[in-house]
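Protein chains: 4
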Amino acid sequence: MPTILGQNQYGKAENRVVRITRDGDTHHIKDLNVSVALSGDMDEVHYSGSNANVLPTDTTKNTVFAFAKEHGIESAEQFGIHLARHFVTSQEPIGTARIRIEEYAWERIATSDANSRFIGADDVKHSFVRKGQETRTTQITYDGQKWEVVSGLKDLTVMNSTNSEFWGYAKDRYTTLKEAYDRILATDVSARWRYNWTDDEERMPNWEKSYEQARKHMLQAFAETYSLSLQQTLYQMGSRIIESRSEIDEIRFSLPNNHHFLVDLEPFGLENDNEVYFAADRPYGLIEATVLRDGAEQRIPVDMTNL
Amino acid sequence: MPTILGQNQYGKAENRVVRITRDGDTHHIKDLNVSVALSGDMDEVHYSGSNANVLPTDTTKNTVFAFAKEHGIESAEQFGIHLARHFVTSQEPIGTARIRIEEYAWERIATSDANSRFIGADDVKHSFVRKGQETRTTQITYDGQKWEVVSGLKDLTVMNSTNSEFWGYAKDRYTTLKEAYDRILATDVSARWRYNWTDDEERMPNWEKSYEQARKHMLQAFAETYSLSLQQTLYQMGSRIIESRSEIDEIRFSLPNNHHFLVDLEPFGLENDNEVYFAADRPYGLIEATVLRDGAEQRIPVDMTNL
Amino acid sequence: MPTILGQNQYGKAENRVVRITRDGDTHHIKDLNVSVALSGDMDEVHYSGSNANVLPTDTTKNTVFAFAKEHGIESAEQFGIHLARHFVTSQEPIGTARIRIEEYAWERIATSDANSRFIGADDVKHSFVRKGQETRTTQITYDGQKWEVVSGLKDLTVMNSTNSEFWGYAKDRYTTLKEAYDRILATDVSARWRYNWTDDEERMPNWEKSYEQARKHMLQAFAETYSLSLQQTLYQMGSRIIESRSEIDEIRFSLPNNHHFLVDLEPFGLENDNEVYFAADRPYGLIEATVLRDGAEQRIPVDMTNL
Amino acid sequence: MPTILGQNQYGKAENRVVRITRDGDTHHIKDLNVSVALSGDMDEVHYSGSNANVLPTDTTKNTVFAFAKEHGIESAEQFGIHLARHFVTSQEPIGTARIRIEEYAWERIATSDANSRFIGADDVKHSFVRKGQETRTTQITYDGQKWEVVSGLKDLTVMNSTNSEFWGYAKDRYTTLKEAYDRILATDVSARWRYNWTDDEERMPNWEKSYEQARKHMLQAFAETYSLSLQQTLYQMGSRIIESRSEIDEIRFSLPNNHHFLVDLEPFGLENDNEVYFAADRPYGLIEATVLRDGAEQRIPVDMTNL
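Chains as they are written, first to last, in our numbering: chain A, 1 to 307; chain B, 1 to 307; chain C, 1 to 307; chain D, 1 to 307.
No farther apart than 30 Å at their CA atoms in a straight line, the calculated lysine-lysine pairs in the BS3-like style are these: (1) K69/A with K125/A; (2) K216/D with K125/C; (3) K178/B with K125/A; (4) K216/D with K30/C; (5) K171/B with K146/C; (6) K216/B with K216/A; (7) K125/B with K131/A; (8) K178/D with K30/C; (9) K154/A with K131/B; (10) K171/A with K146/D; (11) K125/B with K209/A; (12) K171/A with K69/D; (13) K146/C with K30/C; (14) K131/C with K30/D; (15) K131/C with K131/D; (16) K216/B with K125/A; (17) K30/A with K171/D; (18) K131/D with K30/C; (19) K146/B with K209/B; (20) K125/C with K154/D; (21) K131/B with K216/A; (22) K216/B with K131/A; (23) K154/B with K131/A; (24) K69/D with K178/C; (25) K171/C with K30/B; (26) K171/C with K69/B; (27) K209/C with K131/D.
Rather than coming from a laboratory, the hints here were simulated on the basis of the structure.
Let's have the full structure, built from the sequences with the hints guiding it.
See the structure below:
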């Protein structure tokens, strides 16, 4: 046979599970999008169509919903760990499980209102508005021995309206760009960071706190960096996390440079003193890099977009 | 000629203007998406291609950016009023201008942090993160005499995890639905409300405060209503606004019923006591209605989706 | 009560029904997205939450799937007529039904291949590839007496690489556009046309043939018009349909002007003789108009976008 | 310094270039979306913000448009090869260039029409309608010595309405799926294939013909395979290409299983003899695998989605 099978994986993608926990009248929500990918001894299903080793994707879906009941959802990471362990340890042909999860945050609707004429307003503890902003992500991989947890976020849109410059760059025949000494710097942050927790024997990070802190450090580094290039800002965001969070060894960023072009108002007899910008769609700069703890292995794949 | 021209309009759509205002080191952002539609004496351009009466859409774009400088952007509504007045009063062939604006909200990145080792953190007043959640909208129409302002929002996702029932409905041969006595009620609020301000002689509403208050009342009515149907909740949301905001006479809602189906865990020997839900995409219920101040004219078009 | 209920409607949106018809080994597909909107005596469900008059949206969904079996799907229009008639005639509180349908076209995968080494290749009559291009649409409205059928399409992207000019337009203080004597004209056609069939006593149009012919005439008019403005092209597309199809009385277009800007290559010492263009996203011109048979009533709502 | 920089790359993404070639009155279109990613000696821009080694992304954009003039666009692959070679050979700090291109196909609008009353209809050779269906893709990588070309397509939606079964699978506590002996098999094909051309000394493949043939073989293999699992179909699609096209050594597929569920019509007293299906959105099965020429190295990254 001149053709052979290479890497392969399968499972049910995008299981939209919502878990409500009731603490008296006070409700809590976890809202996840869970994708399962299993791999192992799967040659036959590709070569002959024999499904003997194939746990149906429908079963992987059922397992997601059943586990939301059996284990609850303490965090996306912990939930993914339960799922990955289950598939690898319970199905002999499955060697590796990879669980990817997106999490959508909700906040409570504020109903206590001194001026409200409506009764009972401050008693509502089951009403929520979706927070918007970033989608939190995690990817749990387990091969029966070692864990790899890569968490992150995407679509966190940020802007500095000053403290950004761009000059002193290389020039060639096709260079027409003018140097900028005060520009807008804006991007949609996509980031994935890898935890150095790999073994059940080790103490597990506090996933919720770690996420909150990593996000805070990234945002603050973005705000506080006087930027000579988006690459410099990226590196500051990454190193701030590496320095502040000992549980994280590696972080990969994909940062579009959301161009805001200063509009030329001279034809209309107007001066534009960094006031009026055109927010462009395409094309955009795309800056991507990995920041590592010194000595750590680079393991996060470089491509976070599928352009 | 057996064929004639009916209603027509033209202009530049989706002008993405960002306006920065600097108050010392403290910056402020307005981030808009502005669409211009002009109509009037435009038969010839359709019949013969003569552009004599056609102000180019490129010019309408330039005007949006120039006005962001000349008038600033106090609110989306006020900005739209400046634009609409300009086109109608300065171009003889143009009888009516309609300006539609989407506004994206930003909040400041919090950098003051007692625990931060980084210097100057609390001095950053030019760093922002996009708020996410709803998109604010407005539509300004002016015919040279009367104004119509229809503001609103879209994509504000809300959920009540209890206090929703659905029973006692009509049944026919195709009815299989089981009655529900405790269900999740979730929707993406799209709302448009019409102001009763129509004349330059009248006192203009405070557009920013009115938006904030209308949004708050909608959310609180959603949270506080014990719901027997999404229609009932919709009506409570609308009447709360009409009763609370005298400047608003009419509101139109388009509310998808974002179904959260209780997952049947019995096959796995598990009970699902309103804990685990499957969040479905399609199909969804779609509930649409207008709520009016008694005596007001119904003027907002009924279709807010283009399904 | 200071607040009253205005127009309202409800139903299940986006029911994705696929109907396979087997003619021996030869299969046929109809692939629809069906949205139901019902209105009538629905005050109580809004005011008090009483669902006594409410046929559940779940039932409207079931009806769509059951009718695909009971009536088949001869055309989207005929299917919508069956549904609308059913809801209005079988449920006393329902006065009006509006059915909106999107249809996705498929074409057969060509397997007969003289060079193929694979057996039976030309026997495959059950394999399809989705056609892409436009989405066909229809909207059926029935109030128990009269029918209104508005069919159309959206997202049909077309381009003329020459035979388009734009000059002789009005100018004001904000005009900077240069006149163009040979430009690209490109748009995504969205069109809706209204049939003059309104009564069960009248002979119904051949919906499939009418769609195919209206589409052909639009495309040919687009191709054959030497254009001095997109408005002129629009009018030619509309009048060609009105003149060619006696069953259609009115057509509404929404045509974005998909700008293709000639790239300035002079800084690189190159001439750009209408060869290299930048295809821009936003902003874009938006040209909208209704074309009518003389004497016909204008009934299609003017807004086909929800910018 | 406890933190270091890992892999990094930058460039301008999504340059939308349209190239018109005029052969007398007959025009030809190439419509591309080009993304440039450069890497090399870029530590300083990350560490200190020095842009001395950074050719601006704006320049990479200009180069795309200038090259469309200077070299024309014979094929997406050939165009990417010109670009990659230029960046690596002309900028000393740049070690590797990766060019990703999406291509959108257009077909001519048929205007010759024996029944047309309109003059000159068959002379129109500059009018096009976008083909829809799949997006063609390619990725060119060059490090100054070796080439890697990975071409493919995405969003090619296909369906077999019979000749698909699924049974004999593994079962566990969470398995409820019923075996299927005649089901719909539908997917959106995403595929990337790697060419074994790596060296300027070797004869380059005919990129246009190779694409057309690979696409044809994939579609025919999909149609002609009697499928016991989507994995089996995937393998047939891949091996058909490997066997038929000697210039291709490896192919990676990502195939969602677009579930079409047979609707239960029994509650309505109706039988559903594989006639009426509900086309579901999420969740979906996701089947991914690489198919290789025996002895070839597996080089295409396994993740084609960013779930």
